[in-house]
Every structure is written in C-alpha cells, then in structure tokens.
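K.L.:
Given chain A, put chain B in place with the hints provided.
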Amino acid sequence: MSIFIDKKTKVIVQGITGRDGSFHAKQMKNYGTNVVAGVTPGKGGSKVAGIPVFNTMQDAMAKVKANTSVIYVPPPFAVDAIYEAVSAGIKLVVCVTEGVPANDMMKVAPFVKANGARLIGPNCPGLISPDQSKVGILPGTIVKKGNIGVISRSGTLTYEAIWALTLEGLGQTTCVGIGGDQVIGTNFIDCLAAFEADKATKGIVMIGEIGGSDEEEAAAYIKKNLTKPVVSFIAGQAAPPGKRMGHAGAIVSGGSGTAEGKIKALNAAGIPVAGSPTELPALMKEALKKAKAKAAKKAAKAKSKAK
Amino acid sequence: MKVHEYQARQMFADHGVPVPNGEIATTSSEAYEIAERFNKPVMVKAQVLVGGRGKAGGVKYAENAEAAQVLATKIIDMDIKGETVHKVLISEAVDILSESYVGIILDRATQKPVIMVSSAGGVDIEEVADKTPEKIFKEYVDPVVGLQAYQARNLAYKLFKDIGQVRQGADILMKLYQTFWDVDASLVEINPLVTVPGGKVLAIDAKVNIDDNALYRQKEIEAMRDLAAEEPAEIKAREADLSFVKLDGSIGCIVNGAGLAMTTMDLVKRYGGEPANFLDIGGSSNPQKVVAAMDIILSDPNVRSILINIFGGITRCDDVASGIVEAFKQLKPSIPVVVRLTGTNEKEGKKILASVKLPSADTLDNVVKKAIELAG
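Residue numbers (the numbering used here), protein chains in the order written: chain A, 1 to 307; chain B, 308 to 683.
Looking at chain A on its own, in the form it has when it is part of the complex (with noise of 0.2 Å):
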C-alpha cells in the first residue's frame, strides 16, 4: 500500500524533450513506473527512449488514458502546463518545476481543487513508493519498501531522510517531497490524512523548515487526529531572520516561522524532534515501539473487559 502513486500509477511527462525531462522520463521508466507519453509543443510524433511524445494534453489523453502528469517545463510555462493537464482530465499533478511566481500560484491551486485533481509543488523532487512507482526525481537507489511515510518540504535534505531510514532497515511506503514555495497543492496536512488512512503505514517522518506555519497547524492536526506516531525534523535553526535561504518559502519574518516555534509546537503535541536527520531513524524506531507497546496494552483492556 501506498499513497497517490502505485502500481496503477499511469504517467504524461509534460516537457519530456527537455534536458531534465528527457532525463527524468527515462530514470522514471528504468525505476518501473508506467511513463505512457510525453507532451512537448511542436514534437509531435517524435518519441523519448521510445515514449510517444504529443503536441497537447488532449492529443495525449485522446491515445493513452493517463491519470498523472509530471511538469518539467520552464517557469514561465508552468502554471499553463498545470491548467492544461487539468482541463485534459489527469488526477494528480506533480509540478517539478523552481520559480514560479506566488500570484499564478494562488490561481491555479484552486482551479486543480475545484476540478477534483491534486497538485504536488511546485518546486519539489515529487514523490515516490518503492517498488511500485515514482514520479518526479527522487533517486530510486535510496528508497526501499517498507512502513513508513515520508512527507518533507525539501529535496537533498529529504534524500538524507529516507537514506538514514533506509540503512537502519526502516522502509518506506511513500516519500512525498511537498515543495518549497509559499504557495503549493498539497499541504503536511493532506499527506498526514492520506498516510493515516493508509493501512501499510505504521509509522511518519514530517520534515520542515523555516518559514510560514504549516508545521505549527500539522502539529495541532496531528495531535486532534492521528493515531500513529509521528517524528519531525526542522531545518534553519541557524538562519537569521529577513533573509530567504534559498527556497522561496524559507524565510523568517517578522518573528514567525522560526524553526524554535516550530520545533515547541511539535513538542507540545507529543512529536519528538531530532538534532540531526541521521538520529531520525533512532526516533522512529523508539516511537513504534511505544506505539506497539500502547496497542498492546488496548487489546489486552479490550480481552479483559469482555471476560
């Protein structure tokens, strides 16, 4: 099990003849994921490591019946390619893309909300469930099948996550890489949602970073709504206020969004922080044990009541 890719997962590159999209489409492909077409304007009948490319969405859509969209194209084209996979009927769509601006963002994420779809990013690394599908550009070599969901506002740091998790034979059931702008489709929220409705998940590492409060309102819904345990990370404890550290999302202003207020919201909804990504996996393993520890203790109440 997993969550919004599987084995089901049928994919349209958007801006496949590009230099990262002609490269991520194959890495797709090679991972196992089902890549049915790629779209470019004025490539038509041309074909990517044998993916048949088309001039539109609709070409693409009228051949092959996909329900994913991965976005490659350059900023100033990418909101168009997400109106344009929406309105060509795909389900879920994975914005790759960095840099585009916060003003087409605020229009176009309600437009995918209103037409029943979702968005990932913009400028994410996607997402990916080991040994079924992945779609975006996490490498597929550090990711192995197994219970836990991950959810992370960033790209190389969620990359040293999952292979911290992984060397300590702590698998994963999805890694969702959410992006780094101000404004994206899919929240820590709707990811928590997913992964709690998710069978396969046991256990969730959330990681942010400076900037907004999302970790804040993910602490608050953790806290009222899931009942699996959950450790966290926070990058930009050693940022200085005012200034953006790279990811347009990531800045401190005005005293909020500092990685302090973020990391006592957490605490104080039962989610242990760690000092480092690498003692992420040790405070994974501590939480599922108390988890494990807690269930027991439940059914155990649960027997003894109907004796």
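Hints in this document: simulated from the structure, not taken from any laboratory.
Below, computed lysine-lysine pairings styled on PhoX-like, alpha-carbon distance capped at 20 Å:
| # | chain 1 | residue 1 | chain 2 | residue 2 |
| --- | --- | --- | --- | --- |
| 1 | A | K285 | A | K297 |
| 2 | A | K243 | B | K576 |
| 3 | A | K243 | B | K543 |
| 4 | B | K553 | A | K243 |
| 5 | B | K388 | A | K243 |
| 6 | A | K199 | A | K285 |
Predicted, not measured: the structure shown is a model, and the values here were computed from it.
P.N.:
Relative to chain A, chain B alone:
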C-alpha cells in the same frame, strides 16, 4: 527583491494612489534645487532598503531649501545599519491629522492575499499586531475574483468616519490591490496613510517587495535593483546562479539543495562551530558553479575551513568533483577543505577527487565535525 521608497511610490502613483510631490536627489545641491522649486517645507528621506531609518536619523523635516541642503549633506553617505545612503527623497511636507497603516501580503495559511489595516499607523505594525491584535482589521481576497468594492469599504470604515474619507480610502485600497498584482509584489505597504487639513487622504510612505520568481517578467523592476545596497559576494553569487547568504562564522559551506544547506548550517552550530554562509549550488551539475562557490567563500577572510556536502540526485557527484579539482587548480586554497559526496555517480566522483587528496567523510554529521576540527 526590495525596491526603494521612491520607486515604490512611483508604482503607487502610476496606479492613481495619491502621493505628495517628491523628487530624488543624489547631492545636497540637488536637494536644495528641488526644495526651492517646491517652495514649501519638505521632508528629506534617506533611501535605504533596511528598515528603521527614521529611528536612525535618516528622515528629517526641513523648513526651507537651505535647511534641506544642510540635512541632505548630513544624510547622504550616512551609514544606516550597514547600508550607505546614496540618495535622498525630497518630498513636500504635509500637516498630518491622522495616521493609519495599510498593507497587502500573501497569507500562506489561506494561500490568498490578505489586506490589513489599522488606525494605529505610523509605528511598528508588527508591535501592534503582537500586543494589540484587535487593532488590526483584515480582509482575505479570493485571488480569482479579486478585491470587491464592499471589502475595500469594510476596511475603509475601520479607518475613517467621514464618508468622503471612507470613499478615498476604499479607492486607494482598490488601487493598491491592483498594484500588488501588476508588479508581482509579495508585499505592498503604506505606513502611514494620512489625512491632511481639507480632508484629503495621502500615502506618505511606500514599501514594495517583489516576488523574486516573477522578476523574469518584471524587467523594468529588475533593472531597479540597487547593487550598492547588497553584499558584493551576494551579487557575485547571483550572477553565478547560486543561492547565497553571508553570515559571520568561520566554516564555509557548499551544499546542494536549500533544505540540506540549512541543515548543514544547523549542524555546524550544533557541533560547536559557526557557519560563514548559506550556499546552495542548486540542482544543476555545472562544475563551474563549484568553482564560483569556492571563489566566493575564499574571498571571506573569516573563513578557516570549507565543507562541501553533496547528496547527488539531479546533481551528479562526478560533476561536483570535477568542479572541486578545477577550483583547486585555479584558486589554490590555503585553508582546509573537507568533502562528503554521496548519491548519483558517487564512485566516479571519488575517483576524480583522488587527484587532490582531500580529507573526506561519509556521513552528514561527520563531515561537519571534521570541518570544525580542521578550522582549529
């Protein structure tokens, strides 16, 4: 990207927001000429991108042109929080009867623009928000349908009692909202918005921040970038397409990915060091980026060791390794450099690096500890 007050004020004026007359001066004699032409008392306002210029003595009232010249002499070349004043705005002084605050920002929680107003203007609005949040009124705007007149009226009634002023205030809000979209702002702010004798409502300060991601379609605004107000190293980094922030420590960091770069800084601090910078070489594998990154960090005299932390994904370890070898050839660093390469093409990368014989480490925590140890 931040723009100066005089540039933001022009954006407002272009959209019909009423502002007092004003012109920019780079010398005290220019300041004199402008004030003399206005033939009225003026404000002499330092044009800097940092906040708090008023408290630092960068905004002064001048009764006449002679006074304006004296003040401009004082303010030009003044240092305000590390930024040198190169220009002053000479703006007609007005009699202020009341001051309010008006601002529009992107609200991340709702993913909508939010308009905030307060009749407690002219002061630090963050302090108002913190201590007396009941004095701030907000309207969230549906980004698809835009700001509706009733919303602007709702807010204007929180600021003014006189119907004439309510109408002016609502009109200013509508125009300010249009400015927000037209210039791809992440923030527009008038603090203060004032009323003057006769009932007119005026914006006497202007602040605009532009979304960096939208600069590709805001060429005119990008040309306003004030290079004199920036760290030379940060300008160099932007030209090399690196994301860089200078800090005060002694451990130079070169990392791929913003989240990992922040984490590397955090760990430097955790293990007892101080990071000299945030630097993300980004997702591309261009070896020249590594050379540029090394060059920028080596030009900081505080740096005593450099740590390179790469988790290959899109970025390939062999490309980074080639960049490191090239950087050693060109720059001949005299301080220790410690490298950690893992992920895509790790083996190939380590083979290339063998020629420069650098200390290395296999894990995130160890590369940080080693860099601190080598810094001495």
